[in-house]
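K.L.:
This is what each chain is made of:
2 protein chains.
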Amino acid sequence: MSDRHRLSLGPIATPDRLLLGPGPSNAHPTVLQALSRTPIGHLDPLYVALMGEVQELLRYVWQTDNRLTLPMSGTGSAAMEATLANMVEPGDAVLVAVKGYFGLRLQDMAGRYRADVHTIQKPWGEAFSLEEIEAGLKQYRPKILAMVHAETSTGVCQPMQGIGDLCRQYDCLLLLDTVTSLGAVPLYLDEWKVDLAYSCSQKGLSCPPGLGPFSMGLRAEEKLANRQSKVPNWYLDVSLLNQYWGSDRVYHHTAPVNMNFGMREALRLIAEEGLENVWARHRSNAERLWTGLERLGLEPHVPLELRLPTLTTVRIPDGVDGKAFSLHLLNKHGIEVGGGLGALAGKVWRIGLMGYNSRAENVDLLLNLLEEELPAFKPASPAVAAVAA
Amino acid sequence: MSDRHRLSLGPIATPDRLLLGPGPSNAHPTVLQALSRTPIGHLDPLYVALMGEVQELLRYVWQTDNRLTLPMSGTGSAAMEATLANMVEPGDAVLVAVKGYFGLRLQDMAGRYRADVHTIQKPWGEAFSLEEIEAGLKQYRPKILAMVHAETSTGVCQPMQGIGDLCRQYDCLLLLDTVTSLGAVPLYLDEWKVDLAYSCSQKGLSCPPGLGPFSMGLRAEEKLANRQSKVPNWYLDVSLLNQYWGSDRVYHHTAPVNMNFGMREALRLIAEEGLENVWARHRSNAERLWTGLERLGLEPHVPLELRLPTLTTVRIPDGVDGKAFSLHLLNKHGIEVGGGLGALAGKVWRIGLMGYNSRAENVDLLLNLLEEELPAFKPASPAVAAVAA
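One line per chain: the protein sequences are A and B, in this order.
For the first sequence, this note's numbering assigns the number 1 to the initial residue and increments by one for each residue that follows.
For the second sequence, this note's numbering assigns the number 1 to the initial residue and increments by one for each residue that follows.
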C-alpha cells in the first residue's frame with residue numbers, strides 16, 4: 001500500500017464562468033439541479049419511463065418520427081462515431097463533404113471502420129451547393145454521404161434543401177452532424193430526408209457535456225439489419241442498444257442516469273418554451289451580436305446568408321494577439337470565448353450563443369467588453385503592455 | 001414544424017432510493033453537489049488542473065504509477081472496450097477467462113476487434129486456479145489474457161497472486177476488469193503486474209455512472225506504439241486521448257466536465273478516508289451482512305474465501321419468487337437489490353454494499369426486512385398473496 005499518489009485536496013472550487021465559446025455552454029440552473037438528484041437504477045421502472053420521455057422529446061427537437069432516437073452514453077463525438085460504426089461495412093464507399101474540422105473528423109472515423117472514403121472540399125467558411133454535392137454523388141456513388149449541418153469550426157450553416165432528395169436519387173444514405181444546431185437552429189430531420197443524425201448535450205440543449213443524441217431512420221435501419229458481420233464497436237452497437245431502449249429492456253451497459261436526469265429536464269424546458277420560440281430567440285440574439293460587431297468594425301468570417309445563429313466566427317483584427325485577449329476575458333471577467341481550430345487557428349474568435357446562454361444581456365456584456373477593452377490589445381496602442389500584464 | 005412529439009411534462013420527481021444492487025450505488029452527497037456546479041471549458045486552465053488531480057488520485061486508488069491513467073468519457077463498458085480496442089490487432093490471440101457474464105462480454109468485444117479469441121471456463125460462482133490459467137496460456141499462447149477481478153454477475157473475487165508473473169513468463173499482457181473492486185476491495189495494479197485495467201464510477205467510487213476509469217502500463221503502451229494500423233475506434237483511441245490528457249492538451253472531444261467534477265470529489269473523499277480504511281470498511285460491512293444472512297438461513301452462492309465484499313450473491317430460497325420480493329422492496333421501501341444475470345438469472349439476488357452505501361445501518365436495514373418480510377413470500381405461508389398484492 002503506497003501513499004505516493006495520495007493527493008490531499010480541498011473541496012472543489014471552480015468559478016461560475018460565462019461560457020460564450022464553441023461549447024460547453026452554460027447549463028440551465030434547473031438542469032444542474034436535476035443532475036444532482038439521487039441516482040436510481042438503470043432498470044428501475046421509473047428510469048425506464050424517463051428514458052421514454054427523453055426519446056420522445058429528442059424526436060420533437062429533431063422533428064423526426066424515428067423510432068431509434070436515443071442519447072448515446074458518451075459525448076457528441078461518441079454519437080458521431082455511432083453513426084459510422086453501425087452503418088459502415090468494410091469497403092463501403094463513403095463520401096464526406098469537408099468544409100471544416102468536423103468534416104475531417106468524419107473522414108478519419110469512416111476510415112477506421114474500413115470504408116472506402118472519398119471527400120469533396122470547400123474552403124473553411126463556405127458551404128456546398130447542390131450542384132457540387134450532386135457531382136460528388138455522381139463521381140463516387142457512395143453508400144453514405146456524411147456532412148455537417150452546423151460547422152462548429154467555421155460558423156457555417158449548410159443549406160439543406162434538396163440534399164436528401166439527391167441522396168435518394170443516388171441510393172445513398174444521408175448522415176448529418178447537428179452538434180451545433182439541435183435545439184437552436186431550424187432543423188427538420190424527416191422533411192430533409194436525413195437518415196442518420198447525431199448531436200451533443202452541451203450546446204442548444206443547455207445540459208452539461210456527456211450525452212450524444214443519436215437518430216436513425218428506416219433506410220439506415222435496413223442497412224443495419226443486412227450487415228454481414230457484427231458492428232465492430234460493442235458500446236455503440238445500436239442493435240444491442242435497441243434491446244435496452246426498445247421494449248425488451250435487456251441490460252446493455254449501466255446508463256449514465258444522472259446525465260439523463262439532466263437531459264430530460266433540458267428537453268422539457270425546450271418543449272415548454274416551444275421549438276419555434278427557441279429558434280427565434282437564437283436568431284434574434286445572434287442578429288443583435290452581428291449588428292454590434294459591425295458597429296465596432298469587427299468582421300464576421302462567414303457571409304450573412306450562411307451564418308450560424310449559435311456560433312459566430314469573428315476575424316481577429318490585424319496585429320491583435322487573439323489568445324491574449326481571450327485569456328484576459330477569462331481571467332479578468334470569467335468569460336470564455338473560443339479560438340480558431342484547424343485552418344482558422346489564430347485567425348478568428350468563436351463566439352457561441354447557445355441554449356440558456358442565448359440571451360440579450362450576454363450579447364451586450366460581450367459587446368461592451370469588446371468595445372472597451374479590445375482597443376488596448378491593438379498594436380497601435382501604447383496601453384497594450386499594461387492591460388495584458 | 002410539428003408538435004407531435006412535444007410532451008408536456010412536470011419537473012423531474014425521482015424518489016430517493018437506497019441502491020443495494022449491483023450498481024449504480026448511491027453517490028456521496030458532496031459528489032452530487034460537485035456534479036451540479038456550473039460547467040467550465042474543457043480547455044480552461046482550471047479544468048486542466050482538475051484533470052491532473054483526477055489522474056493522480058486514480059493512480060492512488062489503483063495503486064499504480066501508470067502514466068496513462070484517466071477516466072474514459074463513457075461508462076465502465078466503454079473503458080472495457082477501450083482496453084481491447086487499443087490493444088487488439090486483427091488476428092491477435094486473446095484468451096478470456098470466463099467465469100461469469102462480464103467474461104462473456106470481454107469475449108464478444110474481443111471478437112469485434114478481430115482477435116483470435118479463445119476461452120477457458122469455470123462455473124459461475126467459482127474462480128480460476130493458477131494451474132488452470134497456466135494451462136490456458138500454454139495451450140493458446142495469447143498476446144492478451146483478459147479476466148475479471150470482481151465478477152459482478154457472480155460475486156466472486158478472483159485471487160490474483162502469481163497471475164501477472166505467469167503472463168510475463170508466457171509473454172502475454174494481463175487485462176483486468178476491476179469494475180466492482182476499484183475503491184472498495186484490495187487492488188494493486190503494479191504489484192500484480194496488471195498491464196491494462198478498467199473500472200466504473202458508480203460502485204466503489206460513490207459517483208453516478210458515466211465515467212470509465214482506464215489504466216495502461218508500459219508493456220501495453222509499447223504494443224500500442226507498434227500497431228500497424230490506427231486504433232479502429234476513434235472515441236476511445238488512447239494515442240489521441242493522450243494528446244489531450246498528456247501535456248499537449250490537444251482538443252480531442254469535449255470532456256464531460258460535470259461528471260469529472262463529481263469524479264474529482266469522489267476520489268478526494270477516498271484519499272481523505274485513506275484507502276486501507278475504505279477497504280477495511282467494505283470488508284467489515286460485508287461480514288456483517290454475511291453473518292446476518294447465515295442467522296436468517298439464507299445461503300450465499302459463493303464460498304467465503306472467494307466472496308466479494310462489494311457484491312454478495314444470495315440464493316433465492318426454494319419456492320420464493322425472487323423478482324416479486326425485490327419489486328416489493330423497491331415499491332414499498334425504496335430499496336433496490338439486483339436479480340441474477342445470465343446463468344444465475346432467477347436463482348440469486350445480488351446485494352451490493354459499495355462506496356458510500358457500505359455502512360452498517362444499510363446492512364441492518366436490509367437484514368431486518370429480510371427477516372420480517374421475506375417469510376410472507378415463502379410458499380408455505382398463506383400470507384403470500386396478501387403481501388405481494
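These aren't lab readings, by the way, just hints derived from the structure by calculation.
Don't be surprised by glycine CBs; every beta carbon is placed ideally from N, CA and C.
There could be a bad hint or two in this list.
[As the list claims (entries may be wrong)] Derived BS3-like pairs: lysine-lysine, alpha-carbon spacing no greater than 27 Å straight-line:
| id | chain 1 | residue 1 | chain 2 | residue 2 |
| --- | --- | --- | --- | --- |
| 1 | B | Lys223 | A | Lys223 |
| 2 | A | Lys143 | B | Lys223 |
| 3 | A | Lys230 | B | Lys323 |
| 4 | A | Lys347 | A | Lys378 |
| 5 | A | Lys230 | B | Lys230 |
| 6 | A | Lys122 | A | Lys378 |
[Said to hold, decoys possible] Partial pick of chain B residues on the chain A-facing surface, computed with a CB cut under 7 Å:
| id | residue |
| --- | --- |
| 7 | His5 |
| 8 | Val48 |
| 9 | Met109 |
| 10 | Glu222 |
| 11 | Leu224 |
| 12 | Asn226 |
| 13 | Asn242 |
| 14 | Tyr244 |
| 15 | Ala280 |
K.L.:
Hint by hint, which ones does the structure fall short of?
P.N.:
1, 2, 3, 6, 8, 10, 11, 12, 13, 14, 15
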